[in-house]
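Using the sequences provided together with the hints, build the complete structure.
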Amino acid sequence: MQKLLVNFVAVLGILFSIQHAAAADQIGQIKVASGDVVIERNGTEIEAKSGEALFEKDVIRTGENSAVGMTFTDNSRVSLGPDSKLSLETYAYSRPGKPNSFDARLDRGSLTAASGKIAKSRPLAMRVLMPTTVLGVKGTVVAARVGGQEG
Amino acid sequence: MKRCAASFLCLGLLAGCASPSTDTVGDQVPDWLSGEAWNVPPVAEIDMPESPFLAALQEGYVDLAERELAEFDWSSGARFRSRALAAAQGTAPLPFDPSEQDIPERAIAGLIEAYVELTGYLGSEGAMLRAGRQIGEAQVHYDCWVQEAEEGHQTEDIDACREAYQLMIILIRDLAALPDNMAVVLPEEPGNEVGGIELAQGGKTITLDSAFAAAGVGEDFGDLPVTESEIRDAFAGALAAQPKPPKEFQLNFPFNGTRISDEAFEAILAAAEEARSREAAEVIVTGYADLVGNAADSLAISRTRAERVRQAIFWELRDKENVTFATDAKGERDPVEDTARKSEANRRVVVLVR
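Protein sequences appear in the order of chains A and B. Offset between the first sequence (1-based) and the working numbering: plus 48. Offset between the second sequence (1-based) and the working numbering: plus 58.
Honestly, the hints are just simulated from the structure, not real lab data. Heads up, some of the hints might be wrong.
Quick partial rundown of chain A residues pointing at chain B, CB under 7 Å, derived from the structure [what the hints assert, rightly or not]: (1) 180; (2) 191; (3) 195.
Glycine included, each C-beta is placed from N, C-alpha and C at the ideal position.
If you want it as structure tokens, here you go:
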């Protein structure tokens with residue numbers, strides 16, 4: 049019985065630490081999602097709803113006539129129009145020993161991005177990586193598109 | 059081209075030889091009978107307008123006028139000269155409306171189609187910005203086509219003008235549309251001033267630092283003139299989904315106190331209202347203290363302040379779903395006023411609603 053209790057406590061501890069680690073790594077949140085919006089995370093797809101947490105390496109995809117708006121912990125905001133794909137490749141904000149950085153890769157579609165504290169902390173800390181071009185955000189609101197007209 | 063075979067014949071048959079010109083230059087109606095109306099070189103020598111569109115019109119119409127006059131077509135020469143003069147003086151003549159010209163039945167359909175497309179580009183601010191020169195050239199070729207079609211007897215000339223127009227319009231279709239790959243700076247918002255963007259591609263860099271400054275990227279890498287309405291259309295979906303900017307509220311506290319004053323409560327109500335207006339609102343409450351007393355006590359009091367404010371906002375939002383709260387206590391860290399004395403400004407709670 050005592051062994052069982054110890055195991056139970058150990059499992060609880062592990063669960064807590066997983067949850068804690070996950071909570072610590074949350075980098076942002078979905079605020080607005082309309083139409084067909086999914087988050088690809090570790091090989092699985094999650095329906096992106098308002099309030100859904102975002103993590104580094106998440107890939108966000110929108111379908112036809114769909115759009116999504118996100119905020120990040122540095123107060124930056126990113127939104128995607130229809131038929132878009134954005135990967136949150138690197139995100140570091142106020143992490144000990146790590147310079148602030150935010151790299152998001154826009155493979156297709158349309159995006160707007162309003163810079164937050166990461167962009168203000170050092171030049172070109174926030175970047176939108178496009179297939180042929182690197183867009184460095186110095187501190188402003190920008191829009192970019194890859195692959196043409198909104199559908 | 060050769061409306062009148064010879065000047066003598068033309069002068070003898072003035073009335074029947076040419077359709078009356080409707081072009082005007084200011085208040086002056088050009089009289090194509092006067093020597094001045096055929097005097098093209100002074101028009102060619104007027105400094106080109108800065109607008110590439112007007113410059114293309116001036117150049118193109120001068121060329122057409124000279125060709126007509128070389129063939130002793132005095133009325134057409136005068137007509138194109140007056141168009142060149144108008145462009146040189148800054149007024150763009152409109153392309154000929156085929157329905158108002160005496161055009162044979164078999165030629166009219168193609169001209170109407172071209173007229174509709176050309177006037178569409180002339181009315182599009184964005185197309186004029188990106189392809190003004192080419193649209194000017196297309197208009198000259200088009201007017202040449204109308205002129206020749208109206209005369210109707212020189213097939214080679216009609217074909218040459220039409221083909222030149224068609225080649226130009228293909229180029230314009232490509233230039234006038236916004237490129238598939240592009241980036242643009244949007245207007246600043248409060249607290250997020252325009253710092254600009256830097257685009258780097260293949261060792262080249264473009265810096266954009268004003269609202270609606272844009273650049274094509276990839277194959278079209280380079281500065282790109284755009285209009286605000288084009289950008290609002292092109293990014294309509296993403297713009298509509300853009301979350302509201304985060305908003306901060308600040309409350310101050312009495313010395314060594316955690317009681318929420320009436321004034322501070324107003325800020326709590328405002329923060330709650332702000333959270334209510336947002337989807338999936340986050341309310342992040344951070345407490346601070348002034349630098350009087352020991353750091354541990356300051357940290358504790360800043361935590362109590364933050365917690366009280368969180369509870370008050372939580373209560374105001376008790377019927378609102380999908381709100382997340384976070385509290386943080388900074389104690390004596392990050393003072394807004396650099397003083398070790400009592401400071402109301404430093405005794406504060408900041409509420410960030412996101």
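Would the stated hint for residue 195 (chain A) survive a check requiring a Cβ distance to chain B of less than 7 Å? For residue 195 (chain A), the interface hint holds, since the closest Cβ of chain B sits about 6 Å away, which is under 7 Å.
Cut-off 7 Å, beta-carbon criterion: hint that residue 180 (chain A) touches chain B: holds, 4 Å
Can the hint on residue 191 (chain A) be confirmed by a CB-to-CB distance to chain B that is less than 7 Å? holds, 5 Å
The structure fails none of the hints (numbered hints given earlier).
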